Each structure stands twice: as structure tokens, then as C-alpha cells.
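Colleague: Spelled out, the chains give:
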Amino acid sequence: MHKTLLSTAILSATVALGGIGLAQADDFPSKPLTLVVGWGAGGSTDIQARVLADILTEELGQPVNVVNQPGAGGGVALARLANSRDEGYTFVFGTSMTITFGPLSTETTYGLEDFRYVAGVTLGQSALVTGEDRPFGDSWEDLVAYAQENPGTSYATQTALDRMIIEYIAQQEGLDLRIVPTAGGAGMAPLILSGDVDFGYSGGTHSGYAETGEMPVLLSLAEDRLVAFPDAPTLQEAGYDINAAEIRVAMVPQATPDSHVERLAEALQVATEDPRFIEITEERILMPVTYLPEAEVTQTLTDQVAGYRALLEELGGLPED
Amino acid sequence: MIGFDAILGSFAAAFHYESIAVILGGVLLGYIVGVIPGLNRAVAIAIAIPLTFYMSAYAAIAFLIGLSKGTAAGSAVSAILLNTPGEPSSAATCLDGYPMASSGKPRKALKVGLLASVIGDLLATLLLIAVAIPFASVALKFGPYELAAILVFALVFIAGMAGGSFLKGLAAGGMGIVLGTVGLDPETGAMRLTFGYAELMEGVPILPLVIGTLALAEMFVQLDEYRRNKGASVIKLGHQADDDLSYREFKTTLPTIFRSTGVGAFVGALPGLGPSVGAFMAYGLAKRGDKDPESFGKGNPKGIAAAESADNAVIPASYIPLFGLGIPGSVSAALLVGAFMIHGIQVGPLMLRDHPEMLFTLFSGMIVASLLMLAVGWYGLRIFAKVTSVPPHIVIPVVIFLCLAGIQVQGYGTFGLITVFVFALFGYFLKKFDYSFVTFLVAFIVTPMLEMNLRQSIILSGGEIGILLERPIALVFVIATLLMALHLGWSGWRHRARRRATTNHAD
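Going line by line, the protein sequences match chains A and B. Residue numbering for the first sequence follows my numbering, beginning at 1 and increasing consecutively. Residue numbering for the second sequence follows my numbering, beginning at 1001 and increasing consecutively.
Keep in mind that the hints were calculated from the coordinates and are not lab data. A quick note: this is a predicted structure, and the numbers were derived from the prediction, not measured. Hints are not guaranteed to be accurate.
[To be verified] Computed footprint of chain A on chain B, listed as stretches where at least three residues anywhere in the stretch have a Cβ under 8 Å from a Cβ of chain A:
no.	stretch
1	1367–1377
2	1450–1457
[Unchecked claim] Counterexamples of contact, computed for chain A against chain B with all Cβ distances above 10 Å:
no.	residue
3	I55
4	E59
5	A186
6	E237
7	Y240
8	P253
9	P257
10	Q269
11	E282
12	L315
In this text, a Cβ means the ideal position worked out from N, Cα and C, and glycines have one as well.
Please construct the entire structure, taking both the sequences and the accompanying hints into account.
Modeller: As C-alpha cells, this is what we get:
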């Protein structure tokens, strides 16, 4: 089904290229731009965005101002962007989960097709993690075997998405898990490190423990194995047909002219090669920098939404207790 | 684990001229904020946080801590010269400070206040350094059961201690709890009390709430008062011969300072009581314990010393639960949590494990801040005395502007502005009807943590209450909470009964 969606997208993009693209003069940007971050100041997205804005300012020759619009896991910023008529002068930098799973798990005023995905610039490193000295060690297979024998094995969840994934896995493997809610990596880490909870979801906190080995990774939730934990298999390798890879992506409203999107994309590509952006992302936030062009990001996100939808249907609606 | 080198290195970093400049900036700004009545610490920190985006993590935190400490010392100036506390917590300083100043000894009063502030602050900082590290390593063993029990205890404790009536305390706490539950249910993802606003999905945003209830509401109250008594007289520093502090006189206040520092540190270490409680408690104890309690309230230097040393001791001590458990013990500590996060550091027991160098640099920065406070206060006495004469009709609009600008800078948009005004109105009535603001705010901050830990405990234990027997620390706190609630209820009832009895007699 998503094949047709994609070809429609490409078709409409081509039409847009012929229609609007030529009509626009190529002086974009001719005034200051606004980079919206859907999270509060100080989060890893915000830290990245501020460096990104500096580089884009140099690249585009116009000031790029960072504005935080926190709320609803990045959703408030997207709801506002969907109504923007700013032709690319205002764009959101955020994580793909907000746009892929957000509309499925909560009621939103926007959807995947309301935006264009200018480029992906960073790959998420989320994972299922555990602590040291557990009876099942740090192998996913052993954990599954252990949980099958020990009903009430506990799992720490942080997002609606990882809750859905673990419920799917529990269904597949016949596990009776106690799923404990936590808030963010800071809420999860003490539970996992102290041993109060057996295993859990981690967005990126585990990368900080790569050297000490205190938070081993059981499964990579990215498309590939994690940079810092090459021994842990991916979801697919473990036999679950889910693509939950998170991408940090720049988004503009669907109606943005092609020439503007292209100009932004060019500047973003330069940013992904800039040592400042690479340093803040790979050394401080510990995520790999990459450049994914619009077509590729759009395809991946469309696939993910279709995958999540199928998964939700299989689980019989929204994961709820 | 933590080498001596690391500690030494951290001190070297704190004594670097750049760090000193940043801390000095914070202390100076804090002093000015403290001196101006109505501009308070929480507002200053909230407004300053966006300023720190461009600083290194260390500089930012050191700046904010300098700011926080400076306000506590500075607020004594306006309390003494204007009879208007620059911070609510300096209200106790007015009691003896103003009479002393109006009897022609303003300089002496200011110096007693300053020395008491600095000593209280410095000693409490040392206590923090001594206690935080062992405490944090114990705290690492605290799981959801222990945390849930401690948080319930803290809530009941705060409701009982913060002000006057236990019932009013409970009501204020209840309002905080209701507001603290707004947003996504952490387990089911259901929306609670959001009324369709996506902005409320992650709860009522803390910054507009704090700026509204604290700063804007305070401005409204001040406007009220300003309209009623326009001509508040300012005491000028003169040149009287006997208006200076001799060492001998100072020495007589020292025991009071040490005792009050202890009281302040104790109050600070308990989450939520805050500097006002500490200052009044220390003042009350000093008065009761003195040979001549009648001299208090008439310009006794011991009164100033007690109030100021306790007020200042509370602040470093309130960082003990913050660094140890991640529980903010005061409004400014709660705002500091946000500032830490901005710079990528998660406050709590893990901070000591993962960023020990940061914690040590912080501690050394705090000591530097104490010393700078003394220097700034001592040499700036005359200048700060002048700041008190900035009239309210200039201060109030400027502060209102800064409050609203702060909200805009944080990116909350129109929604943030509406929230700020709603809470300004709310805070105004809290103040007018004497509901404890501290209880309200701490309940609001603590509720999401409590809910999370309680749910975790229930899920992990499979709903078995018997788990408490395996968790002795949690059990102790549960029992302590029950005893505390019984005691507070009982003493409140007795109090009322006694009052009823006396009114009956009068009839």
C-alpha cells in the first residue's frame, strides 16, 4: 500500500517542481529564518539545533534563530508548523517518532503527509538495555528464555512506541512482563543500574555507559547495530519485523516551494560535514551524523507508519493496561 | 574513586579569574535583586536561565548559584533600611533590623546582617560538601519504594510545617497535587485535565506557573500596597560615631549565628520548608533562649544575626536532597534542576557517580561565592543602600516586563502568556488569603515524581503491600508519615479546642 502512497508523493512532487518551482525566484532566503525545536531548551535536540543554526546562518547568509516550542513530545511545534504559510522560513528540527508514532498514539491535528522532510541529519541510537550481573547476562536470547520461566520479569518503558514494541514482543514470545513507566533516561537509569527493574528502553542514555559496561545493550532499535555496542543484534536480526529507527530530521510544511527545500537541504548537507556539528553530535550526544536526502527519509518514515499501523492492528488497538 | 587531584583541579578551576568573574557577576546581580523589594530569587533565576545558554555548564551553574546566594544576603539591606524584606525570607530580619536602623545605627545593623549571612552560608556550604557525597552513595540504593515513601512524608511534612493552619496547608498542597496530575497519564497515555490543549500534554509548564504565582502575583500584591502607603521612608547611612560594629559586639552574636546556622541547615535539608521557615524558626529560638527576650524586636543585633544566618544557611543545605536524591528542596533548587538539564547534566545521585568533577567544581564555586558575597557586601554597603531608594513605580513595571519577556524567550507563546496571567491571579489570592505558597509549589513539583514512583512500586511488587517489610527504609518513612499526620491533626484540634475554651471564658 505504501508503494502507491510513495509514487503519489513523487508524482505530486514532480508536479510541484514544474508548477511552483519555476515561479519562485531563487533568492531564498532573503530574510531571517526560524528553527523551531519541539523540546525545551537544554535537551539533546536543542543542543544540536543551536549548533546547527550557527552553521546554517553561515551557509544561508541569513540569521537562523532557534525558538523552543516545547510540549506534547515535540507535537506542539509540529501542530503549529502544519499551519505555517512561511514557505520554509520557519522549519522544525526534531525526532521522527513525533511524526510517525505521535499521530497514532494520541489525537493530533497533523499527520505524516502535512510536511516535507528536507533531510535527516542524525541517526538515533535507541535500544533495549539491562544492567550488570543479571541472571540472563546481556544476551537477548537468554533474557527471553529467563522471562518465559519467570513471569513478572520487569521492563521499564518511556514512550508509547517502545511500550507497543515490548507488548508485541511479549505476545510473540509468550512473556508475562511487569511494564513499569518511567520518565526519560534519567528516570530509567537508576532503576536499571540498581537492579530494581530487569530491562528497559533507552533512547540514548546507554551510550554514556559504553565504556564502563554498566548498561549493556540487549537489542538495537536502530536500523543497524549500534556504533558503541556492535555485539547486540538489531530488532530485525532477533526476528521481529519492526523498523523503529529514529531519525533526527528537518521538516517544513507540505506547501513549501521546491527551490526553498533544495536550498535548505544543501545547507543541511554542508552542516553534516561540519566538524562543529559532528563534534556536538558524536561526542556529546553520542549519535552518528549522517545525511539522508528527502526521498529516502520520506520513504523510511512512510514505511514506519505503515509498519506501526499493522502492529497496532495485530495488538488490537492502542497498547493499554 | 574520586582522587585528590580531581578535588584540587576543581578548586583551581573555581579560582580561575574567569570563573571568579562569572560568580562575581552572579553575586552582584543577586545582591541587587535581593536589595530591590519584590524582585525575588526565583524570578531572577528564571529570567537568568536563558542568559546562561551561552556559557559553559560550569560557568552557568556557578553564575546561578552566585545569584541565588547573593539574593539572600542582599535582601537584608532592604529589610533593615526599608522595613520591607527584599526576599520573603528576610521578613524576620525586619523585626530587629529596622528598629536598630531607625535608632541611628543602620551601618551596624547592615554589618551584623552581612557577617551573619556569610557565616551561615559558608558553614552550610561546608556541611553540604561533607554530607552530600556519603548521602548520595546511600541514596543510590533508594528504589521506587523508598522514594515514594519519602515523597509522601515530605508532602505531609511540608503541609504541616509551612504555615499556620494544617488544613490550609493541606488545601494548598491539594491544589498543587491536582495541578501536578495534569497531562498524559504515564502508564495508559490517557489525557488528564488537558481540555484539548496539546500544550498541557506534558503537564502545566513549570516556568509560567512559577513566574505567574511567584513574580507576577507578588507584583500585584506590591501594587496594592504601594497604592496604600506611598511614602515609605528610607533610612540613609549617616556618620554617627557609634554606628559601626566592634569586634566585641560581633563576638556576642557568634553563638546565636552558629545555632541559627544549624537550624537553617536542618530546615534546608528537609525538602520544601524554605528559607522563610528557617529564618523565623531560628529567630524564635534565639528569642526564647535569650536571657532578655524583651529586647528582641527593638533592635537586638542577635535578632538580625539569627534571622540572616538561618536564611542563608537554608540555601546550600537545600542542595543536599537535590544532589542526593534529585528532590528539589526549594523553589530555586527546582529551577536549578532545569538549568542543569539545559547543560546536559542530570541532577541526582547519578551525578556524583558520572560527573564527580562537576560536583566538586560546583562546591568550590559555592565557597568562592560565599567569599565574594562578603567582599561585595562590605564594600558595596553604601551603593546598595542607595538601590533601596529606587521607587516601586519603576521596579514593578520593569519586573512585569522581565517576567513576560522570560516566558516569551522560553518559547511558550501566547499559551504561556495566558498561563502566566491565570497563575498570577491564582497566586494573588493565595497570598491574600494566606495559603502557603511553598506547600502549593512543592506539591506541584513533587506530585509527578510521587505518582511515578508509587506506580512503579505497585507494579513491581505486583500490588503486594507486604513488600514494605522487605524494604525497611520505606517502612520507616510510611510509619513516620502516619505519626506525623496524626500529630499534626491532633495538635491542630487541641489548638482549636483551647482557643474555643478561652473564648468561652471571655464570654
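Colleague: Does E237 (chain A) really sit off the interface, with its C-beta more than 10 Å from all C-beta atoms of chain B?
Modeller: Nearest chain B Cβ is 29 Å from E237 (chain A), so the label holds.
Colleague: Could you let me know if the closest chain B CB is still more than 10 Å away from the CB of I55 (chain A)?
Modeller: Answer for I55 (chain A): holds, closest chain B Cβ roughly 16 Å.
Colleague: Determine whether the non-interface label on L315 (chain A) survives the test: each CB of chain B must be over 10 Å from its CB.
Modeller: Non-interface label stands for L315 (chain A): nearest chain B Cβ at 14 Å, farther than 10 Å.
Colleague: Confirm or reject the statement that A186 (chain A) sits farther than 10 Å, beta carbon to beta carbon, from all of chain B.
Modeller: violated, 4 Å
Colleague: Is the Cβ of P257 (chain A) farther than 10 Å from every Cβ of chain B?
Modeller: The claim stands: P257 (chain A) keeps its Cβ more than 10 Å from every Cβ of chain B (closest is about 26 Å).
Colleague: Find the nearest Cβ of chain B to the Cβ of E59 (chain A) and say whether that gap is larger than 10 Å.
Modeller: About 21 Å separates E59 (chain A) from the closest Cβ of chain B, which puts it past 10 Å; holds.
Colleague: With 10 Å as the threshold, tell me whether Y240 (chain A) passes as away from chain B on beta-carbon distances.
Modeller: holds, 22 Å
Colleague: Find the nearest Cβ of chain B to the Cβ of P253 (chain A) and say whether that gap is larger than 10 Å.
Modeller: holds, 17 Å
Colleague: Check, residue by residue, whether the stretch 1367–1377 of chain B contains three or more positions whose beta-carbon lies closer than 8 Å to a beta-carbon of chain A, and give the verdict.
Modeller: With 0 residues in contact (Cβ-Cβ under 8 Å with chain A), the coverage given for the stretch 1367–1377 of chain B is violated.
Colleague: Once the closest CB in chain B is found, is it more than 10 Å from E282 (chain A)?
Modeller: holds, 15 Å
Colleague: Run the C-beta distances from Q269 (chain A) to all of chain B and say if the shortest one exceeds 10 Å.
Modeller: Answer for Q269 (chain A): holds, closest chain B Cβ roughly 26 Å.
Colleague: Has the stretch 1450–1457 of chain B got at least three residues whose CB is nearer than 8 Å to a CB belonging to chain A?
Modeller: holds (count 3)
Hint check: violations occur at hints 1, 5; the rest are consistent with the structure.
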